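*Asks:* Top to bottom, those sequences are chains V and S.
The working numbering applies: residue 782 is where the first sequence begins, and numbers increase by one.
The working numbering applies: residue 691 is where the second sequence begins, and numbers increase by one.
FYI, nobody ran anything at the bench for these hints, they're computed from the structure.
Warning: the hint list may mix true and false statements.
[What the hints assert, rightly or not] Computed from the model, here is a short list of chain V residues facing chain S with C-beta under 8 Å:
hint	residue
1	I944
2	A1010
3	K1051
[As the list claims (entries may be wrong)] Below, a list of computed lysine-lysine pairs in the DSS-like style, where the Cα atoms sit at most 27 Å apart:
hint	chain 1	residue 1	chain 2	residue 2
4	S	K740	V	K905
5	S	K917	V	K1054
6	S	K740	S	K859
Predicted, not measured: the structure shown is a model, and the values here were computed from it.
Every residue gets a Cβ at the ideal spot worked out from N, C-alpha and C, and that includes glycine.
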Amino acid sequence: MAILLVAEHDNATLSDQTNKALTAASQIGGDVDVLVAGKGAQAVADAAAKLAGVRKVLVADADELAERLAEPTAALIVSLAGGYDAIVAPATTTGKNVLPRVAALLDVMQISEITEVVSADTFKRPIYAGNAIQTVQSSDAKKVITVRTASFSAAGEGGSASIETVAAAANPGVSTFVENKLSESDRPELTSAKIIISGGRALGSSEKFEEVIVPIADKLGAAIGASRAAVDAGYAPNDWQVGQTGKVVAPELYIAVGISGAIQHLAGMKDSKVIVAINKDEEAPIFQVADYGLVGDLFTILPELEKAV
Amino acid sequence: MKVLVPVKRVVDYNVKIRVKSDGSGVELANVKMSMNPFDEIAVEEAIRLKEAGKVEEIVVVSIGPAQAAETIRTALAMGADRGILVKVDDVVEPLTVAKLLKGVVEAEGPQLVILGKQAIDDDANQTGQMLSALLGWSQGTFASKVELSDGSAQVTREVDGGLQVVDIKLPAIVTTDLRLNQPRYASLPNIMKAKKKPLDEKSAADYGVDVAPRLKVLKTEEPGGRKAGVKVKDVAELVSSLKSAGVI
Ligand SMILES: Cc1cc2nc3c(=O)[nH]c(=O)nc-3n(C[C@H](O)[C@H](O)[C@H](O)COP(=O)(O)OP(=O)(O)OC[C@H]3O[C@@H](n4cnc5c(N)ncnc54)[C@H](O)[C@@H]3O)c2cc1C
Ligand SMILES: Nc1ncnc2c1ncn2[C@@H]1O[C@H](COP(=O)(O)O)[C@@H](O)[C@H]1O
């Protein structure tokens, strides 16, 4: 059995979501090769080669792979698929964009966002915003799988895999990259942060978000998240959204501030180790999942908290 | 130009889901059903393109049981022109949906298909990408902005690090994210008018698609629960609790 794991990276650094998906791939069993599709991503390949349990690293270098556009990236993976029994990627926006395309081209029903490997063909995955967990068995000869990385620990280093170059597939040429508008931040990423503080609609404006959430995040070295309501209202950027249709996180500590706790939000954070909720409504559903609840006005509590930590 | 919008009938997002005690699935009897919220956004986007004079006709299609006709009627009441129900009584997987939609696309010849990024029941996030692959088209997924011009579309995508802008050639697939637009409600007169709009019924056999699932659901269970903890009285108690828990 051989597995192709598609690396998540930005051409410069390997994302630790790859390490987590590697853990899932190793549990499926067999040799794991890591594919680095990109442009000038040698450093990423070097980092992937050091991961424990990797057989070899395949590097494809092409202009159209620089931003991992779906059409050429899927074509590349399909060109390599013959040698593999399973194709695995972390369920990042890139993985979600590319892998279903690969699955359809291989006539395979993808298994999305697995949270547990039961056996080589059987997996657990959440449905209905995590309100039910399905165990599914695939009858496809090849498996195409995305991994919910919050459910797996990161594979460590200690490997010394060989690195090989593979040719990019013919570019379908139907799409072009225009630009990235990425949030610049020195803070940890949501998906790898140990502490996350998230703000909801109650923050009321992006200025207030900045004024009361950011100082605590800085002090705790925390990543910042948000509810959909806060993102929709423009208080926070879209990539901060935690939830069913945003990011799924499982930090050591999750602090929900002025967030009611709709199921769609809980879907993204209820596997956090310790949950704190700060809300002025003592009936807010968020308190049903919180280890520590503090009832009160966030605008008085947060400045106090900032001083106390 | 013609736009196709696939809409799925799902359990309403406000319903508290209950898992059947025998592990065979989720309780669907007497549960409120609605159009998948991302598909409402897709219908709205198509209507705005029509209002802007860039689109002539909006065809909505749903694959599902007879009741999925209600979901189509909702889209017609919002402002779509015509509906197609591909009647399938069993659960259909995204790969099957994509194959059926390919058949509909070949029959209808749209230049653009707008789907939701994700159905909130299966949370699969696959169908649009699969349809795009099967047709050999371009894809602009998780869209928060779509600008149509001659022969191409510029799509702003919500990605993990922020936003990404791509230019995709038509014909193309777009899947919607939450920030694309705010869907309208259908007015009562429009709901009445929608009853007279054409709605065709087809079967999977009409498109020569085998609907047998590839995934066998062995079990459906409740997620591991989480109990409510304690209420702390003030910030000092919170901080000392977090310190003793070793998380700060
Ligand atoms: C298809 C779909 C997908 C969705 N995906 C997501 C998702 O991924 N993530 C997500 O978060 N949501 C998602 N939602 C939205 C979700 O249903 C809720 O609407 C949203 O989470 C509510 O955000 P909120 O808790 O910030 O706002 P509200 O529900 O309005 O809650 C605000 C809370 O702040 C409290 N409050 C007000 N003032 C103060 C104060 N001064 N001090 C302390 N507390 C205060 C209130 O008591 C209240 O509990 C989705 C919805 C749909 C339909
Ligand atoms: N049975 C269906 N009928 C019509 N459209 C569907 C159906 N299933 C999925 N779709 C479309 O595909 C999108 C993504 O669904 P999924 O891949 O299941 O998460 C939905 O938002 C719909 O636009």
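*Asks:* Please go over all the hints and tell whether each is borne out by the structure.
*Replies:* For each hint, the structure was consulted:
1. A least Cβ separation of about 26 Å between I944 of chain V and chain S goes past the 8 Å threshold, and the interface hint is therefore violated.
2. A least Cβ separation of about 10 Å between A1010 of chain V and chain S goes past the 8 Å threshold, and the interface hint is therefore violated.
3. The closest approach between the C-beta of K1051 of chain V and any C-beta of chain S is roughly 6 Å, which is under the 8 Å cut-off, so the hint is satisfied.
4. Distance check on the hinted pair: K740 of chain S and K905 of chain V sit about 42 Å apart at the alpha-carbon level, beyond 27 Å; violated.
5. Proximity of K917 of chain S to K1054 of chain V is assessed by CA-CA distance (about 12 Å); at most 27 Å being required, the pair is judged to hold.
6. At most 27 Å may separate the alpha-carbon atoms for a hinted pair to count; K740 of chain S and K859 of chain S meet this at roughly 19 Å.
The structure does not agree with the numbered hints 1, 2 and 4 stated previously, though it agrees with the rest.
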